[in-house]
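Chemist: Chains as they are written, first to last, in the working numbering: chain C, 1 to 545; chain D, 546 to 758; chain V, 759 to 852; chain Y, 853 to 1166.
You may find that some hints are simply not true.
To give a feel for the contact side, a few chain D residues facing chain V, derived at Cβ under 8 Å [as the list claims (entries may be wrong)]: (1) 616; (2) 626; (3) 680.
Below, a list of computed lysine to aspartate or glutamate pairs in the DMTMM-like style, where the Cα atoms sit at most 20 Å apart [what the hints assert, rightly or not]: (4) 964/Y to 1065/Y; (5) 108/C to 557/D; (6) 534/C to 919/Y; (7) 964/Y to 917/Y; (8) 534/C to 917/Y; (9) 668/D to 231/C.
Please keep in mind that the hints were generated in silico from the structure rather than gathered at the bench. Cβ atoms here follow ideal geometry from the backbone N, Cα and C, with glycine treated the same way.
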Amino acid sequence: MSATASLTAEAPNYLRDGSTLGSWLFTTDHKRIAILFAIGITIFFFIGGTAISIVRLELVTPAGDLVSDDTYNKLFTIHGIVMVWFFLVPSIPATFGNFLLPIMIGAKDLAFPRLNLLSWYLYIAGAAFTVITLIAGGVDTGWTFYTPYSTMFSNTAVLTAAAGVIVVGFSSVLTGVNFIATTHMLRAPGMTWFRLPLFVWGIYATSLVMVLATPVLAMTLLLVIAERWLDLPIFDPSRGGDPLLFQHLFWFYSHPAVYIMILPAMGVVSEIVACFARRRLFGYSFMVYCLVAIAVIGFFVWGHHMFVSGQSAYANLVFSFMSFMVAVPSAIKVFNWTATLYRGSISFDAPMLYAFGFLGLFTIGGLTGLFLATVPIDIHVTDTYFVIAHFHYIMVGGAVSAYFGGLHFWWPKITGRMYPGSWARFAAILMFFGFNFTFFPQFVMGYLGMPRRYHAYPPEFQVYHVLSSAGAAVLGVAYLLPLCYFAWSFFYGKRAPANPWQATGLEWQTSSPPPTGNFVAVPAVTDPYEYHPKEGPIDVQGQLL
Amino acid sequence: MSERVFLRTPWETLARQHVAVSFGMWVFLASEILLFAGLFGGYSIYRSLYPHGFLAAGRETDIVYGSVNTAILMTSSLTIAVAGRFARAGFGAAARRLLIATIALGLLFLVLKGFEYREDLEKHLFPGPDFPLAQKGAQLFFSLYWIMTGVHAIHVSCGLIAVGRLAFLSRRRVDWLWGSGSEEATALYWHLVDVIWIVLYPLLYLTGRSGHG
Amino acid sequence: MDRRAHNNELWVRPVLTWIALCILLALTCGLSYVPLGNGNLIVALAIAAMKASLVALVFMRLSEPNPLTRLAAAAGPIWIFIMFLFVGADYFTR
Amino acid sequence: MTGMKLLLPEASKMAREVDIAFFVVLAISLVIFLTLFVLLVAFAARYRRGTCVPRGPLPRVLQHEIEIGWTAGTVFLAIFIFWWFVSGLPLPPRYAPNQLEIHVVAKQWMWKTQHPDGAREIDALHIPVGQPVRLVMTSQDVIHSFFVPAFRLKQDVLPGRDTELVFTPTEPGTFHLFCAEYCGTQHSHMTGEVVVMTPQDYAAWLRAQPHGDTLVRQGEALYAKLGCGACHSPQSQVRAPKLAGVFGNTVVLAGGGRAIADEAYLRKSILSPRDEIAAGYPPIMPSYAALASSSDIEALVAYIKSQSVQGQHR
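Pulled out of the complex, with its shape left as it was, chain C reads as follows (with noise of 0.2 Å):
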């Protein structure tokens, strides 16, 4: 069958609801809402991806010859304001999160449907700060905006790179009091707290996080704006300031901030490996538990930010045993996905690589957070390319990959195509061994004292720099190909049935995509993943009785 014959044939979904731009532009359909997020994180990842792909050429050799040390610096700034404010805080919650938890929990729509396309003008407004500092030759400070540097001493766009941030920030805060609202008030007749699907208790946990931590980066990125700006004293120390409160400040958010960009990952993670493994979630309630811990305890734990930085030494070890407790609830989680595949019934389509590859590379990262919470280790190894390696497992090993899973886990869901599974199954592959090839490295010349953000290194680093590099061009392809496969999918795509995977979950029960008001008719709910019975046998080809 020709792709016209098939797209006359299509019934009536909230793609085809009006094509004009103003359909979407002034649309407040969720689904919509959520496609005009991904188009501009996808635009935001690439613009981050192009700033570190200079910066891993530049590295390739010691001495600092591709750019000046000032563009180096530049760049590696975007790619981290970038990365975490336009990519990865929004990627899962404002893209999946908005797409599907109205459906998830058998909703029309989010509470609070204007709010929610004010949350993406929002975003749009601090993505233009953005994209007007880097018309004004970009910002030198490091994402993390560090006094008295950010204030006092750095010639670049401070100022509009915080506001940008500022404004990202309160889209991230209305996204969250949208999700919240919606997770208490509009769940179906039946969809009990304890019948949700983890990925809607991700974003939920997720939302507790952005609506309370959000806030205080704002105003602190306002006291930059204001030392910077209006000169008046608040961090800067000849002026009786104390630049370890603003990493205090900063760190608040910005610890919690990472815990943003799991939890919806973890969620993401438990319907792949329920759907792909054909089995009920091994320990259902801990993991929510789990999730609603970690959101809570990861709160507690900022200062193992801070243990070299002239902190005291009593508030060192306090931040220290509170991180060794966030990662209880972390471990705990991958016992779990590991035990659920236990007397399962495995395919290796596409989503669930992208789940195994979470598995073993958030198992790293979290490992690593072990160093990094003790104190005499994170003094050696803290501001080296350990941390950068570290965070990179949990961020990209971790959510990115959880992202990608979701996007081919739901992608026949939202544009009703299917893409071509060999291609995405090797994209899987050269995206984990890329990423390992990039990043592990980096491990060792931590250890090794490789300090981050260094234009020029000794040459006694320059083989573990090769490496990188050379893992950062598989990366970088490995990130390419999806983009071109799921373009040819979208126009030219076998049509998706409504549930291609036989997943559980009230998202397959409508058609693919779903009409403007998600169903037609009540869904019905029922346990989640009840993949198999709860008692009695189970057919030995792994089938469902």
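Go by the hints and put chains D, V and Y onto chain C.
Modeler: Then chains D, V and Y, alone, in the frame of chain C:
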């Protein structure tokens, strides 16, 4: 009056919509409180580091403006609270008049704040080379003073826009005030602006009044 | 509904609250001129907390039994407390 | 390109302890990771779709006990690692008399070090092996971080405040010194070397240095130049606290309260004298923040300190 006019997309009943709107606003208010948390944190740390500077600087703020403005904001809280109760009881016209009183009080607050700012600037109380106090920490106090009151004034302005929107949209049909649920949310926001001022007042205006502490 | 109870709910209670707020304002303003050392700050903050609670309980109708709203209202102060606790863990042990 | 290096020299007492901690945590992590990895691969192979293996539901009891078991196990392990490294934390002896006290001033993008006898270095630090060293560090502009990988030591260097590092080098050699906290354009050029020498070599090296004034002497000169004695000398007409002998004493402050006259107090008293006035004296001293640089203050403090320490009076 029919519910249908006010019912918005995802909701089945107006009652549920109202609960959700005010719950959503409460969640947002939690976020707003955390917005000020960093300022309160900075204030506490610097006050404990420079107690003398803070007491000396606290004496320089204008307690008359501060106290009158506190009273004004508390009164505006009363008017908007009663407006909501009137609207629910069906006294729409009276409710609207109270909303307009709230707007007037809010504007009065901002005007007085503007006069106060002018006097502060005449006394060179903006941190900089002409700053009159030598004690260490006094400039930090005034940095926080300007930022705290400035951010609060922005909140008052946002609140005024929201209350103004209510007054404007209810000009034809006063039952709109009750029906949409936005009266409740707007009032909650306005009350929070009041609560934050109530906390700022002792920090900025009552500090150091009892003499050389 | 009983007319008096109705009036009560409508405006008597809010107005009484407003009177209480004004009395507290006068009290805190006056007390700030009495030399109490560190007591000044404690008294001023205690009165501010009382005023804030009055606004929250009556004007913002937090006194009505709604667990969800109360939870949301408690979250802000609790998280401020967390911030103070852990920032203090550094500053007061340096 | 020099060859691939997997191990870093352990050149301080601390380095050994950090390495032990590092490799113990590494071993624990490897055990956990390999267990999970083996399980993942085994499950993925055994339970791949289509294999003929039993797939019944798990007994309820088993589910619960395993969950509680590994939760308890993980909590125990986390607390154990924490307890283990805390119990092993060395408490650096501060102000030990045998320490070699070296002052470090960081600025964009340079390390300036000064030895007790006045020898100065830029982007380098020569120290004798086996000798406990105490670095007193401050920054003139932004935050820097003093990082010597071979010593496994790192400490941020803050403007307006002293931070310290105490260590004992154990191996002679030349090691990297890095600035580890991003400090602006030429951050990656803010490097240097730490040269650990035998005591004899160190003595010879020290003799060969152009002998600048000692920190104490510089302080003395500044003391005269800035006219501190006009008020603080015992002969002065102005009533101001006598500085000889003040270091290490407890000062009673105006308005109650006490302060130990340590380095931080002296530094603060020079920069913002009116914050903590000694009881009985009028608050008349102006701030010297604009007149004295960070290194000047270090020198002044060193001089005042020398006036208090028996036998060091020169």
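Chemist: Where does the structure disagree with the numbered hints, that is, which hint numbers, in rising order?
Modeler: Of the numbered hints given earlier, those the structure breaks are 3, 7, listed in rising order.
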